[in-house]
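Asker: Going down the list, the sequences are from chains A and B.
Okay, so the first sequence: first residue is 1 according to the working numbering, each after it adds one.
Okay, so the second sequence: first residue is 1001 according to the working numbering, each after it adds one.
Just to be clear, a hint being listed does not mean it is correct.
[Unchecked claim] Covered stretches of chain A (chain B as the covering partner; in silico rule of three or more C-beta atoms under 8 Å from a C-beta of chain B):
1. 124–136
2. 158–172
3. 181–193
Please keep in mind that the hints were generated in silico from the structure rather than gathered at the bench.
Predicted model only: the values in this text are computed from it and were never measured.
For glycine and all other residues, C-beta sits at the position ideal for the given N, C-alpha and C.
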Amino acid sequence: MKSGSNLEKVLSQGRFAVTAEIGPPKHASAEGIINTAKILKGYVDAVNITDNQTAIVRLSSIAAGVHLYNAGVEPVIQVTCRDRNRIAMQSDLLGAYSLGMRNVLCLSGDHQKFGNHPQAKNVYDIDSIQLINMVRGMRDDKKFQCGEEIKQHEPRYFIGAVANPFADPFEYRVMRLEKKINAGADFIQTQSIFDMQRFEKFMDMVRRRGLHKKVHIIAGVTPLKSARAAKFIQQRVAGMLVPDEIIERMEKAEDQKAEGIKICIEQVQHLKTIEGVAGIHIMAINWEDVVPEIVEKAGLVGQHVPVIS
Amino acid sequence: MIVAQPKPVKEVADYIKECAKVLVVGCSGCTSVCLAGGETEAEILATALRILRKKQGRPLETLVTTITRQCDPEFVAGIAEKVSQVDAVVSLGCGVGVQFLAEHYPDKWVLPALNTVFAGGTVQAGLWEERCGLCGDCVLHLTGGICPITRCAKSIQNGPCGGSQNGKCEINPDTPCAWHLIYEKLSALGRLDLMLEYRPAKDWSKERSGGPRLVQRKDAEL
Chain A
1 MKSGSNLEKV
11 LSQGRFAVTA
21 EIGPPKHASA
31 EGIINTAKIL
41 KGYVDAVNIT
51 DNQTAIVRLS
61 SIAAGVHLYN
71 AGVEPVIQVT
81 CRDRNRIAMQ
91 SDLLGAYSLG
101 MRNVLCLSGD
111 HQKFGNHPQA
121 KNVYDIDSIQ
131 LINMVRGMRD
141 DKKFQCGEEI
151 KQHEPRYFIG
161 AVANPFADPF
171 EYRVMRLEKK
181 INAGADFIQT
191 QSIFDMQRFE
201 KFMDMVRRRG
211 LHKKVHIIAG
221 VTPLKSARAA
231 KFIQQRVAGM
241 LVPDEIIERM
251 EKAEDQKAEG
261 IKICIEQVQH
271 LKTIEGVAGI
281 HIMAINWEDV
291 VPEIVEKAGL
301 VGQHVPVIS
Chain B
1001 MIVAQPKPVK
1011 EVADYIKECA
1021 KVLVVGCSGC
1031 TSVCLAGGET
1041 EAEILATALR
1051 ILRKKQGRPL
1061 ETLVTTITRQ
1071 CDPEFVAGIA
1081 EKVSQVDAVV
1091 SLGCGVGVQF
1101 LAEHYPDKWV
1111 LPALNTVFAG
1121 GTVQAGLWEE
1131 RCGLCGDCVL
1141 HLTGGICPIT
1151 RCAKSIQNGP
1161 CGGSQNGKCE
1171 INPDTPCAWH
1181 LIYEKLSALG
1191 RLDLMLEYRP
1201 AKDWSKERSG
1211 GPRLVQRKDA
1221 EL
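Use the sequences and the hints to build the structure in full.
Answerer: See below:
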């Protein structure tokens, strides 16, 4: 075991992993996080905490991770390259590890243009692949990014990265995944999958390069709340593809929320059958209480035990 | 070249509101080429400032001159006589020009009439584009001649990120994704292997983060 995290255990034992995601609040209370943790506990193997997603100031991912951890749910702390340089990132990685964090997800981060401080200066001292390499180096080589030795208590994270099969150039996405694996990614969480055909094609390319045997690929899904939300994602969210059929299906539904859940369950059941998919990542931001229902109805309940008693 | 843009006239007028007589200095270098600070622009600005002040009932007197390069002490020294006659100097040079003037004439207020924007070039009449981030460690040999430092909104070195769609950057549907361009160029050149190579963290000490930089060459010394 590299990190000893619950997520690592589940994946390395070949069990189908289930992860969820929480976006921390735009205030200084952890109450909501703790309540959500109670809802998710027992249904998932780990929960991601976003790092100021869409560049909007929120309670920090590490602090939220600690609240989650204390509530008995294993966190995956997300780290973006937008707001911190390599000094701050490594410092935070040491601090987060000392607080019990064991999983980290490395991302570029949304550009600050999308957020509530578009006037901010972005950092991007290092990019997501360099971040993966840095976290791996701290663990495996016991070295800081500069090459200096970490003499004792190196942080031993289970290292996650993201893959977006719906971004372009499509042919490059598998190469980029390979770059992330070579840099040190242990697991991958994908962008939300709506275009199943394109994802199947992506996975086919992944298998041909044998990448699914080198890394655990967790497929991302997002339950749609309404046809309007689906259209918004289709038209306005960079790097996401929603086929028209899904929008039409949502529009025709009498109960759009129920239809969104139904579609999501079908997606999960389909994804389970794809060779090389090691788990499901459910991104139901601001709708986390729907996760247990999806997990149950997709037949994934029972295998997830609260990790921290 | 250094590409600059004129500041609003009212803003420049506000800088010199206490002055009765100013020297407006154009530059025949970069800011002239990008139509922001050459001889014509210097004359136009001086006229605009005079009209504005006349309207306010406090006429302004202006002298106008344009020098070969404001970033060259030799040319900057040549306008000493004119500088001595005014309350302030308004420069249509880039940020470098303003500073060279201010340094050479320490007793005089030197004010910028332009915002210096980037190092770039003219892509079509009336359109200038940023092309170089002056990072001090050029990587264009690895990227098919396309700069990821300036042309990628995140300056990433192992791109493209997950926000690249249909060849465009996530920040704007009109902005090409630099890494998409790099991918296509390397693909056309049969060098996609370069896209798979890991680019290590960049040494930013060679750019402005390392503090003000100097280039010193013994062979160029007199």
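Asker: Confirm or reject each hint.
Answerer: Hint check:
1. Counting residues of the region 124–136 of chain A whose CB falls under 8 Å from any CB of chain B gives 9; the rule of at least 3 is met.
2. Given as covered by chain B, the region 158–172 of chain A passes the check, having 8 residues with a CB less than 8 Å from a CB of that chain where 3 are the minimum.
3. Beta-carbon proximity to chain B at under 8 Å applies to 3 residues in the region 181–193 of chain A; the threshold of 3 is reached and the given coverage holds.
Of the numbered hints given earlier, the model fails none.
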